[in-house]
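Use these hints to put chain B onto chain A, whose structure you have.
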Amino acid sequence: KQEVTQIPAALSVPEGENLVLNCSFTDSAIYNLQWFRQDPGKGLTSLLLIQSSQREQTSGRLNASLDKSSGRSTLYIAASQPGDSATYLCRYGGSQGNLIFGKGTKLSVKP
Amino acid sequence: NAGVTQTPKFRILKIGQSMTLQCTQDMNHNYMYWYRQDPGMGLKLIYYSVGAGITDKGEVPNGYNVSRSTTEDFPLRLELAAPSQTSVYFCASQRSVGPSSYEQYFGPGTRLTVT
Numbered sequence: 004k005q006e007v008t009q010i011p012a013a014l015s016v017p018e019g020e021n022l023v024l025n026c027s028f029t030d031s032a033i034y035n036l037q038w039f040r041q042d043p044g045k046g047l048t049s050l051l052l053i054q055s056s057q058r059e060q061t062s063g064r065l066n067a068s069l070d071k072s073s074g075r076s077t078l079y080i081a082a083s084q085p086g087d088s089a090t091y092l093c094r095y096g097g098s099q100g101n102l103i104f105g106k107g108t109k110l111s112v113k114p
Numbered sequence: 603n604a605g606v607t608q609t610p611k612f613r614i615l616k617i618g619q620s621m622t623l624q625c626t627q628d629m630n631h632n633y634m635y636w637y638r639q640d641p642g643m644g645l646k647l648i649y650y651s652v653g654a655g656i657t658d659k660g661e662v663p664n665g666y667n668v669s670r671s672t673t674e675d676f677p678l679r680l681e682l683a684a685p686s687q688t689s690v691y692f693c694a695s696q697r698s699v700g701p702s703s704y705e706q707y708f709g710p711g712t713r714l715t716v717t
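Top line first, the protein sequences correspond to chains A and B.
The C-terminal residue of the first sequence carries number 114 in the numbering used here, and the numbering is unbroken.
The C-terminal residue of the second sequence carries number 717 in the numbering used here, and the numbering is unbroken.
Fair warning: there could be bad hints in the mix.
To be verified - With a cut-off of at most 20 Å between alpha-carbon atoms, the simulated PhoX-like pairs for lysine-lysine come out as follows:
hint	chain 1	residue 1	chain 2	residue 2
1	A	LYS106	A	LYS4
2	A	LYS109	A	LYS45
3	A	LYS106	A	LYS45
4	B	LYS646	A	LYS109
5	A	LYS45	B	LYS611
6	A	LYS106	B	LYS646
7	A	LYS71	A	LYS4
8	B	LYS659	B	LYS646
9	A	LYS4	B	LYS659
10	B	LYS646	A	LYS4
11	B	LYS646	A	LYS45
Hints were generated in silico from the structure; no laboratory data involved.
Because the structure is a prediction, the values reported are computed rather than measured.
Next comes chain A alone, as it looks inside the complex:
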């Protein structure tokens, strides 16, 4: 059974710090991986989508990478800001059409 794990479950950093969020998956038959942001009491907002043929995607201060062989994706946030505080979820998209979410990393950026 495919499992998607996000470590750490929670992270607190001071403003301005660069940080990395991790997402690991057990099945390498991946088609894509998507990173989302969820604010408290809100829905999910898409941040980045990486296809299996890509190694990384960038949007502003965010950079997501994908390493199929090691079963890992990372989300790098540069120069973190208090507005980045949210829960970040990764979603695995498999070759069987299966979409599986991790449980998320709750990020708190302190001013």
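Only chain B this time, still in chain A's reference frame:
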């Protein structure tokens, strides 16, 4: 485009009551999904649809039913509400899946309490 819309935003049900959660997307997406999110448990797939007239069970379908008569709408039905169905429900849509799939878009959610 409004994207994915859900109604209602909040609802309180008594045990045994029924209700329908509405979901509509205006992006002409083929794939639509219903998830529930419980605290600390991530998102669990309830049902999904790959197009009008086609639905299939996800990971936690018991106690729910769906229909997909049009591309735009994908309602979720709770027939006999139970306290275990207290959760936040999210509807999502996606144009396609596979090697060149697009992003998945989510609605704002429906917070349901069953007492």
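Status of the hints after comparison with the structure:
1. The suggested pairing of LYS106/A with LYS4/A holds, with an alpha-carbon distance near 16 Å, which does not exceed 20 Å.
2. For the suggested pair LYS109/A and LYS45/A, the alpha carbons sit about 14 Å apart, so the restraint of at most 20 Å is met.
3. Taking the CA atoms of LYS106/A and LYS45/A, the gap is near 16 Å; set against the 20 Å cutoff, the hint holds.
4. Using a Cα cut-off of 20 Å, the hinted pair LYS646/B and LYS109/A holds, with the two alpha carbons roughly 18 Å apart.
5. Between LYS45/A and LYS611/B the CA atoms are separated by roughly 10 Å; this keeps the pair inside 20 Å, and the hint holds.
6. Taken as a hint, the LYS106/A and LYS646/B pair is honoured in the structure, with Cα atoms around 10 Å apart against an allowance of 20 Å.
7. The straight-line distance between the Cα atoms of LYS71/A and LYS4/A is roughly 17 Å, inside the 20 Å bound, and the hint therefore holds.
8. Taking the CA atoms of LYS659/B and LYS646/B, the gap is about 11 Å. The hint holds against a cut of 20 Å.
9. Distance check on the hinted pair: LYS4/A and LYS659/B sit about 16 Å apart at the alpha-carbon level, within 20 Å; holds.
10. Pair hint LYS646/B plus LYS4/A holds up; C-alpha atoms about 14 Å apart against a cutoff of 20 Å.
11. Between LYS646/B and LYS45/A, the direct Cα distance comes to roughly 17 Å. Compliance with the 20 Å bound is thereby established for this hinted pair.
Taken one by one, the earlier hints all hold for this structure without exception.
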